[in-house]
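> Sequence:
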Amino acid sequence: RYSLFYNHLKNIEESEGGLDKFTKSYKTFGVNQLADGGIYCKEWAPGAEAVFLAGDFNGWNPFSHPYKKLEYGKWELFIPPEDGHSPVPHGSKLKVVIRAQNGALLYRISPWARYVVRDEDKVNYDWVHWNPPQSYIHKNPSPKRLKSLRIYESHVGIASPEGKVASYKNFTYNVLPRIKDLGYNCVQLMAIMEHAYYASFGYQITSFFAASSRYGTPDDLKEMIDVAHSMGITVLLDVVHSHASKNSEDGLNQFDGTDSCFFHSGYRGNHQLWDSRLFDYANWEVLRFLLSNLRMWIEDYRFDGFRFDGVTSMLYHHHGIGTGFSGDYNEYFGLHVDEDALCYLMLANHMINTLHPECITIAEDVSGMPALCRPVAEGGGGFDYRLAMAIPDKWIQIIKELKDEDWNMGNIVHTLTNRRHEEKYIAYAESHDQALVGDKTLAFRLMDAEMYTNMSVLMPLTPVIDRGIQLHKMIRLITHALGGESYLNFMGNEFGHPEWLDFPRIGNNESYHYARRQFNLTEDDLLRYKFLNAFDRDMNKLEERFGWLASPQAYVSEKHESNKVIAFERAGLIFIFNFHPYQSYVDYRVGNWHNSLTVPFKYKILLDSDAGEYGGHQRLDHNTEYFSEEFPHNYRPNSIMV
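Residue numbers (my numbering): 288 to 929.
Worth flagging that the hints you see were computed from the coordinates, not collected in a lab. Check before you lean on any hint, since a few could be wrong.
[Said to hold, decoys possible] No more than 20 Å apart at the CA atoms, straight line, and that leaves these computed lysine to any residue pairs for SDA-like: (1) Lys434 x Asp825; (2) Lys431 x Lys382; (3) Lys846 x Met696; (4) Lys311 x Asn570; (5) Lys382 x Asp370.
[To be verified] Derived DEER-like restraints, expressed as beta-carbon distance ranges: (6) Asn461 x Tyr484: 42 to 52 Å; (7) Gln905 x Asp726: 47 to 57 Å; (8) Ala837 x Tyr616: 54 to 64 Å.
Just so it is clear, CB atoms sit at the ideal spot from N, CA and C, and this is done for glycine as well.
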C-alpha cells in the first residue's frame, strides 16, 4: 500500500510539479476570473468531440465560444476582457456545452462550479457564475488544533424550530451561541456540498465545489465559519468522496456523454444500494478533482478538517454490502480491498497534513480496517480519528432486547473499551443515523409515547419518564468518559429531542414537520428537557476542565454484574455508575490509585446525574468529602467508601 502511495506521489512530483501545484487545480479548472478582467476556462472531458461555453453573456449561443483541445482530454478557453471588465458578469447563468461522440449536444454544469441554484418552478439546478465585487474577508484565525474534540454534529437546514429550510445566517446567530454554551468545541456540518435531493441528507452530491445554495450564499457560509472561529469552535465538513449522484443534467454523471469520465464504467461504477456512481480512484484526473476539492474547502471557506463519509464502501470492492466484519485480519487484506481507493485516502491525508497540518480528518468506517488512523509513513491511512460505530449499536441492542436487570456490565465495558488504543476513536451514544425516520433516538426508545404527555414538570414523574431521563444521562456520560478519545453528539439529541427526523418527500406530503430541531423545548421551564440539556452542558464543561478525552485510557476497577456497578479512573477522576434498576448502596467500597504528588487523597462530587438541576432525586450530599485510604480493593492499592 505504501509503495502504491509513494509511486503516486513520485508521479505527481515529476509530471505535475508537486502536490502543491497539482491540488491547486481548483483555481484553474471551471470558469475563473483573471486579474485583467478576462475569463479563463478549463475542463476535463475525455469523451467529448467538442466543448463550448454558453450562457447569459452570449445570448446562449452554443457555438460562439469553443474550447481548444489539449492533451489528456483537457479543454481550455480564454475570453478577453471587455473595456477592462469581465465578459461574464457576476450572477449570470452558464452551461458547458458538450458535443458527444454520437453528435448530441449536452448542456452540462461544470464539475468545478462554485455556485448552483434552483428556481422554485424548476427541477434541475442552474450554474451561476459567482464573482462578487467584494468577497467575504475572514477576520478571525482558525482555532489551534484541539486535544479534546467534543463534536456537535449539525445540519444547517433543520437547525430551527420552524418548519422550513433554515439558513446559514440562522445557524450563525442562533445555533453557534448555543453550541458554545453547551461546551462543544467543534461543529461537524452535514449536507453542505450541493445536493439536488434535500431528503438525501446531503449524501447524493451533485456539485462538489459548490456550497448548498438552499441555505444562502457562499459568503454566508464563510461568515458562519468565521463567527465559529471567533468563538474558538473548530469547523469540520462532512465530505462525500465515496460516491456521487446519478444526476446528469446537474451532476457529474455522464458529463462528457460517456458512462465513465469520473467513474468506473459498467457494473463497477454503480453502487447497487445507494443508486449512485462510484469514482475511479486510479484515474489521474479524478485524483486531481477530489484532492483539489478538499483543498478548496480548506483554503476558500476555512474549514478545519473533514469527516469522510462512506469510507467502508471505498475500502472494499464489495462496499461492505452483505458482509460482516469479525476483526479477522483476512477481512482487511486481499483482493477484495480496493487499493486504489485506499491510496487516494492516503494521498488526501498526506496532502492535508503537509499543506495544512492544523486540520483534522475523521474516517467513518464500520469495518475496523487496521492502521486506518496511523500515519501514512507507517503504511497507515493517515486519519486522525475514526468513529466508534459499534457503541450506538450496542446501546440500541441493550435497550431494545434486555430487561434492566439483565444488562451485562462486562459487555458494556467491553464495547466501550474494545478498540486499538494506538488509534483514536470518536465515541458517541447516537448520531444522525439513529435520529432518522425508521429508527429511534435513545430518548424515544427509553420513553416513547410518554414524551408527548409526561415531560411537563406539572405532571407526576412517571416510572417511564424517570427511568428514561436517568438512563439518558448515564449512557451519555459513560460513553463520553470511557468510549474514546473524542465525543460526538447529533444536534438536539443532547436534550432528548422527541420523535424522529424526516425530510420533506412525496411519502410525507412534502412536510417539514419532522425536518426541524425544537430547541425551544429546552427554554421552557415547565418541561423536563431542560434537565437533560443542563447535564449535557455540565458534562462537556467538566471534560474541558479535566481533559479525560486526551488522557490515557481508563482503568476499569469494577464491573459488578449483580450490583450493576461500573467504576473506573481516568484523568485523575473516579467515575462510578449504578445501573441497578432499584437498588442503591451505602458505604460502597470503590478501588482507586493515587499519588500524593498528582492525585489528592480527598475527593468531592463534581458531577451527579441524581442532582436536582438534572431532574434527579437529590439523594447525595455534595458537601460530603470522601477520603482515600490504603485499603486494597479490586486490584487497586487504595479505596474510598461512597
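> Please go over all the hints and tell whether each is borne out by the structure.
Structure-based check of each hint:
Our distance criterion of 20 Å between C-alpha atoms is met by Lys434 and Asp825, whose separation comes to about 19 Å. Of the supplied pair hints, the one linking Lys431 and Lys382 is violated, its CA atoms being roughly 41 Å apart against a limit of 20 Å. A C-alpha spacing of about 5 Å is found between Lys846 and Met696, which places the hinted pair at or below 20 Å, so the restraint holds. Only pairs whose Cα atoms come within 20 Å are accepted, and Lys311 paired with Asn570 is accepted, the gap being roughly 17 Å.
Pair hint Lys382 plus Asp370 does not hold up; C-alpha atoms about 24 Å apart against a cutoff of 20 Å. Hint check: Asn461 to Tyr484, Cβ distance near 26 Å, so the stated range 42 to 52 Å is violated. Between Gln905 and Asp726 the beta carbon distance is about 34 Å. The supplied range of 47 to 57 Å is therefore violated. Range check, Ala837 to Tyr616: about 29 Å between beta-carbon atoms, so the 54 to 64 Å window is missed.
When each numbered hint is compared with the structure, violations occur for hints 2, 5, 6, 7, 8.
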